[in-house]
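Q: Sequence:
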Amino acid sequence: MNMGHRLKKVRFERGLTQTELAEKANTTQQSIQKIESGLSKGGRIIEQIADALSIHPSWLQFGESFTPEANTPTPALRFIPLVEWSQIRSRTAEYHNPLFPIPKNNGSDQSYILTVKNDAMESQKPGYKSFLMGEKIAVDPMVKAKSSHYVIAALDQHPESEPVFRQLIQDGPKRFLKPLNNQYPIIEMNDAMSVIGVVFLHFDDRLML
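In my numbering, the protein residues as written are 197 to 405.
One or more hints might be untrue.
As the list claims (entries may be wrong) - Estimated spans, in silico, between C-beta atoms of each pair:
no., residue 1, residue 2, range
1, Ile365, Gly211, 22 to 30 Å
2, Glu358, Arg240, 28 to 36 Å
3, Glu358, Ser250, 34 to 42 Å
4, Gly368, Asp305, 30 to 38 Å
5, Glu356, Gly211, 47 to 55 Å
6, Asp352, Gly234, 15 to 23 Å
7, Arg240, Asn386, 46 to 54 Å
8, Gly259, Pro369, 49 to 57 Å
9, Glu356, Glu384, 18 to 26 Å
10, Lys313, Leu235, 23 to 31 Å
These are computed hints drawn from the structure, not numbers from a lab. Glycine included, every Cβ here is placed at the ideal spot set by N, Cα and C.
With these hints in hand, go ahead and build the complete structure from the sequences.
A: Encoded structure:
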């Protein structure tokens, strides 16, 4: 396991996204991403990252000679199903689906994992929040959506129609589904549309090592 894999593993155990870790370590999401993908060794920010994760920087860099601090608790995990987009509105097949670990106290018992299916939520602006195609998101259908939440929305009342992933924007009485990629249109919600889940975790499947 190299440094990038160790960083991903501990970040996931702490229940942090790359952006959240970057904020705690006073660095950028791009710096975290480069270290995890093996494009950077981190340099001077390794100590900041290790401090944010409550681990020894030498363990993060070299692995074999050091272990994470013994007095740092690792969050308990539970497993929720990976659901296909076509299954979201009729979850009869979920018991045969792969299971993914998340921190135990996150989300309701109805939560599930989705794979981001296109680039609609990939920002074209460097440093802005993005959800890349192929990454995983954890969704809770029991949470009441608020403006600025990232949501799964059904665009009509037909159960066979496939929902979309967007950011919910409230503007007075009107609600909109906003993509982070401006090449996709903003959708104004009507009575036939509904929010059916709120995203509460964002990670990519390379964490599952």
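Q: None of the hints should be skipped; say for each whether it holds.
A: Each hint tested on the structure:
no. : hint                        : in the structure
1   : Ile365 x Gly211: 22 to 30 Å : holds (26 Å)
2   : Glu358 x Arg240: 28 to 36 Å : violated (46 Å)
3   : Glu358 x Ser250: 34 to 42 Å : holds (41 Å)
4   : Gly368 x Asp305: 30 to 38 Å : holds (35 Å)
5   : Glu356 x Gly211: 47 to 55 Å : violated (34 Å)
6   : Asp352 x Gly234: 15 to 23 Å : violated (43 Å)
7   : Arg240 x Asn386: 46 to 54 Å : holds (52 Å)
8   : Gly259 x Pro369: 49 to 57 Å : holds (55 Å)
9   : Glu356 x Glu384: 18 to 26 Å : holds (23 Å)
10  : Lys313 x Leu235: 23 to 31 Å : holds (26 Å)
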